[in-house]
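For the record, the sequence lines run as chains S and G.
When we follow our numbering, the leftmost residue of the first sequence carries the number 178, and every step to the right adds one.
When we follow our numbering, the leftmost residue of the second sequence carries the number 2, and every step to the right adds one.
Don't read these hints as lab results, they were simulated from the structure.
Please read all numbers here as calculations on a predicted model, not as lab measurements.
We put the beta carbon where it would ideally sit given N, CA and C, even for glycine.
Where hints are given, some of them may not hold.
[As the list claims (entries may be wrong)] Computed list of lysine to any residue pairs in SDA-like fashion (alpha-carbon distance at most 25 Å, straight line):
1) LYS251/S <-> ARG122/G
2) LYS407/S <-> PRO334/S
3) LYS112/G <-> ARG122/G
4) LYS251/S <-> PRO116/G
5) LYS65/G <-> ALA54/G
6) LYS276/S <-> ALA54/G
7) LYS276/S <-> LEU87/G
[Stated by the list, open to error] Here are some chain S residues the structure puts well away from chain G; computed CB gaps all over 10 Å:
8) LYS204
9) GLY205
10) LYS350
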Amino acid sequence: MNIDPRPSVIAERLKRVKRVIAVTGWKGGIGKSVTAATLALLLAKKGYKTGLFDLDFAGASGHLVLGAKGLFPKEEKGLEPPVYEGVKFMSVVFFSENKAVPLRGANVSDAIIELLAITQWGELDFLVLDMPPGINDAALDVMRFARGAEVLAVTAPSLLAHDVLERSLELYKKLCVPVLGVLENMSAGTRAKGADAVVRRDPGLERALGRPAALLKTAFAADLARAAAKLGITR
Amino acid sequence: MHEWALAESVIKSAVEHAGAQKLKKLKETGVLFGELQGIDREIFSFALEELRAQFPAARDCKFKITVEPAAFRCKACAHEFPLKGLSKTKDEAEFIHFVPEMAHTFLKCPKCKSPDFEIARGRGVSISYLKGEK
């Protein structure tokens with residue numbers, strides 16, 4: 178007999194989280210992490226109790242988007258995520274000293290289960306998950322444990338991204354995971370085929386990365402706020 | 002005190018599995034501590050005692066803790082090696098304590114220096130057996 182006890186407490190850790198928004202995107206470089214982190218900042222600014230969990234272990238970048246430095250969780254019957262700009266933030270970078278985390282799939286899964294089991298999120302209106310790109314055992318595990326998670330599917334104006342997106346939506350349907358909608362990022366205009374909401378390409382975005390106040394003033398954040406309302410995340 | 006969260010997972014899981022196995026009274030639970038994670042036995046046991054009140058089915062259960070030595074197998078050169086002798090700073094040991102997979106960031110195969118190794122044994126906390134009355 179060998180029982181892994183950790184999954185038994187994951188539901189307990191997420192019990193007081195009202196909504197879990199899984200920001201997914203099956204292609205790299207489409208702005209998934211910037212979307213997830215900015216969405217968390219927008220929600221916190223609106224007064225919602227918000228958490229952000231960077232689950233992209235190989236390419237963790239939520240801390241760079243937020244400009245979060247020198248943070249570490251507090252040990253209190255588990256780990257309490259540090260609060261940064263009103264957002265409870267958890268990331269593997271707290272434990273990797275910003276070094277490479279060369280993990281195989283099963284190891285990523287194990288590390289995610291460990292963090293889900295020991296992180297005490299407390300009461301939250303929203304927990305935004307910056308999901309690992311693509312669909313692998315880690316992404317499937319997150320969907321399995323974070324029951325009730327709603328998917329925000331990010332895509333980019335490219336034939337490749339759209340094609341991969343179609344396949345991902347099919348799978349979420351099979352897994353009975355609710356999809357809030359498709360968000361086309363880096364869009365050239367305000368309308369995009371197959372997308373429920375659009376965030377236009379913003380040349381000023383790069384300069385605002387790492388500075389939450391500046392980030393919230395970008396055209397990107399304004400579009401994202403509109404998209405969040407349109408997709409029923411905020412009122 | 003992050004041991005508390007893992008102790009809660011052990012007692013909750015033991016009670017749930019005992020229920021599934023139709024054990025009326027849970028008498029003993031075998032707990033394995035993987036050497037790699039370096040769980041503090043005293044803190045863990047203290048947390049279990051504190052949690053017992055919330056789990057009446059485990060009120061009289063004895064938790065028998067055993068440490069399982071860590072063993073690694075290198076994927077690059079197939080070398081097998083123990084934890085003893087691998088160098089790590091105090092901070093690195095602390096990070097591995099929270100997330101054992103950080104071993105891949107801070108430890109390497111002593112023979113070929115690859116971080117691509119398998120944790121064959123002794124990773125973290127698990128339940129090895131349950132004893133009780135049917």
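The hints, checked one at a time:
Between LYS251/S and ARG122/G, the direct Cα distance comes to roughly 29 Å. Violation of the 25 Å bound is thereby established for this hinted pair. Under the criterion of a C-alpha separation no larger than 25 Å, the hint pairing LYS407/S with PRO334/S is consistent with the structure, at around 20 Å. Between LYS112/G and ARG122/G the CA atoms are separated by roughly 19 Å; this keeps the pair inside 25 Å, and the hint holds. Between LYS251/S and PRO116/G the alpha-carbon distance is near 28 Å, which puts this suggested pair outside the 25 Å criterion.
At most 25 Å may separate the alpha-carbon atoms for a hinted pair to count; LYS65/G and ALA54/G meet this at roughly 19 Å. Our distance criterion of 25 Å between C-alpha atoms is broken by LYS276/S and ALA54/G, whose separation comes to about 42 Å. Between LYS276/S and LEU87/G the alpha-carbon distance is near 18 Å, which keeps this suggested pair within the 25 Å criterion. Consistency note on LYS204/S: stated as away from chain G, and its beta-carbon is indeed over 10 Å from all of that chain's, at 25 Å minimum.
Listed as outside the interface, GLY205/S is consistent with that label: its C-beta sits roughly 21 Å from the nearest C-beta of chain G, beyond the 10 Å cut-off. For LYS350/S, the non-interface assignment is confirmed: its Cβ lies about 31 Å from the closest Cβ of chain G, beyond the 10 Å cut-off.
When the structure is compared with the earlier hints, violations turn up for hints 1, 4, 6 and for no others.
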